[in-house]
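A.B. asks: Taken in sequence, the protein lines are chains U, G and L.
23 is the number of the first residue of the first sequence in my numbering; add one for each residue after it.
23 is the number of the first residue of the second sequence in my numbering; add one for each residue after it.
23 is the number of the first residue of the third sequence in my numbering; add one for each residue after it.
Do not take every clue at face value.
One copy or any two copies: either way a pair holds, since identical chains are not told apart in the list.
[As the list claims (entries may be wrong)] Calculated cross-link-like contacts (lysine-lysine; reagent style DSS-like; alpha-carbon spacing at most 30 Å): (1) K113 - K149; (2) K26 - K149; (3) K149 - K72; (4) K43 - K149; (5) K26 - K113; (6) K72 - K43; (7) K43 - K113.
FYI, nobody ran anything at the bench for these hints, they're computed from the structure.
Just so it is clear, the structure is predicted and the values come from calculations on it, not from any experiment.
Letter by letter, the chains look like this.
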Amino acid sequence: MSGKIDARLAELGITLPAPAKPVANYVPFVVSGAHVFVSGQVPIEGGVVKYAGRVGGELSAEDGQAAARMAAINLMSQVREAAGGDLDRVKRCVRLGVYVASAADFTDQPRVANGASDVMVEVFGEKGRHARTAIATNVLPLNCAVEVDGIFELA
Amino acid sequence: MSGKIDARLAELGITLPAPAKPVANYVPFVVSGAHVFVSGQVPIEGGVVKYAGRVGGELSAEDGQAAARMAAINLMSQVREAAGGDLDRVKRCVRLGVYVASAADFTDQPRVANGASDVMVEVFGEKGRHARTAIATNVLPLNCAVEVDGIFELA
Amino acid sequence: MSGKIDARLAELGITLPAPAKPVANYVPFVVSGAHVFVSGQVPIEGGVVKYAGRVGGELSAEDGQAAARMAAINLMSQVREAAGGDLDRVKRCVRLGVYVASAADFTDQPRVANGASDVMVEVFGEKGRHARTAIATNVLPLNCAVEVDGIFELA
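Just chain U, same shape as in the assembly (with noise of 0.2 Å):
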């Protein structure tokens, strides 16, 4: 716990939490290759649902971005378990999926997925610049207002 990533992360006040566990037949990543593949993120903190609701409906674009900075550092705690615990091992965070859960009006998801991307580069620097899709659902699990997956690749 004492690599470059690790001293950057204190440096910014992230404390990277426990990762969480799937409850299910399926696993919070597979690593294939050099590509880590990890499972949606949501914003959890301690079990519990922190932003919940439709952006531009309950809740405004800056929590949005609030909720996919935190789903963003939950997909980095995956990944630090994925590298063995090992984050300076991260070579590119190469995509994001940012899914918003929107009312029907709301066109901003690239602001709120911004929450995300900018995390990952402040973080990572260079290596943290990321291909990114980001589009809206009506609804998302357990009411969640932003789910993020991603593609690192590991050296």
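Here the structure of chain U is known, so what remains is to put chains G and L in place on it, guided by the hints.
C.D. replies: Chains G and L alone, transformed into the frame defined by chain U:
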């Protein structure tokens, strides 16, 4: 057709259908490097949509689960084709994307998606444990209840 | 700019636009191993959204198809950039994700998605045949009718 996975399918009483052919300029799967990327599959049997409508609306979560299972079985049928008929070549089910046509207040997409995840593990065992992203949509092609796509690693 | 695919584009009368730059902490594409992961592209021309609204609502399936075609052309423009300007390096269009902003009772997303699939095959021939997942969403960024992302293999 005498492999271990074929035997397991027989044991489970699962008959893989003939793989459906898309009627457009795309293909059911692409093999790229060690990976097979499979197109979105729906709960169709013999050319007929078996589960139409929204989960949490016209359809129950149990219906949705059965739809996800059927779509996942159609997915396996494509993977078998991609593997030249030999499902024993499947090294890993890497990732499933599960899209659930949902009423706006239905939030148990994970339970629905388990219909796909469970059959994958029943058939492939540990190799069937995958990363998963389950989201809702307001509607799906042909009014299907569920769509499932996947990435598999072949040996 | 004198490759076979460039010639084919000229023959088809398709001019690839200058690739759009995301205005956030993500990038239009990431090259990882032999693959290019391209961010979600929308039907924007010269910075202006050309197809806004929902298919099956304000927009017809034909409008949606034209939107999908435009988004796919924008995708190609990113792939050309990723390939150092040489589209002849495209070995395969591996997968397209097509997201269609849809009225709740519109179920012909495949027809809309064909707008993207068809142009891919017109331009790349057999190498353009891809795995595809087409889903609906209740709304999309900037109120776009369609969003398309992709994974390509480069030689």
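A.B. asks: Work down the list of hints and note, for each, if the structure agrees.
C.D. replies: These are the hints, each one checked on the structure:
Proximity of K113 and K149 under a CA criterion of 30 Å is satisfied in both settings, with 6 Å inside one chain copy and 26 Å between copies. In this assembly of identical chains, the alpha carbons of K26 and K149 lie at most 30 Å apart only when taken from the same copy (13 Å versus 34 Å across copies). Taking CA atoms no more than 30 Å apart as the test, K149 paired with K72 passes inside one copy only; the shortest distance there is 28 Å, against 33 Å between copies. In this assembly of identical chains, K43 and K149 lie within 30 Å of each other by CA distance both inside one copy and across copies; the values are 26 Å within and 18 Å between.
Proximity of K26 and K113 under a CA criterion of 30 Å is satisfied intra-copy only: 13 Å inside one chain copy versus 34 Å between copies. Taking CA atoms no more than 30 Å apart as the test, K72 paired with K43 passes inside one copy only; the shortest distance there is 18 Å, against 33 Å between copies. Taking identical chains as interchangeable, the C-alpha atoms of K43 and K113 lie at most 30 Å apart whether they share a chain (25 Å) or sit on different chains (23 Å).
No hint from the list above goes unmet by this structure.
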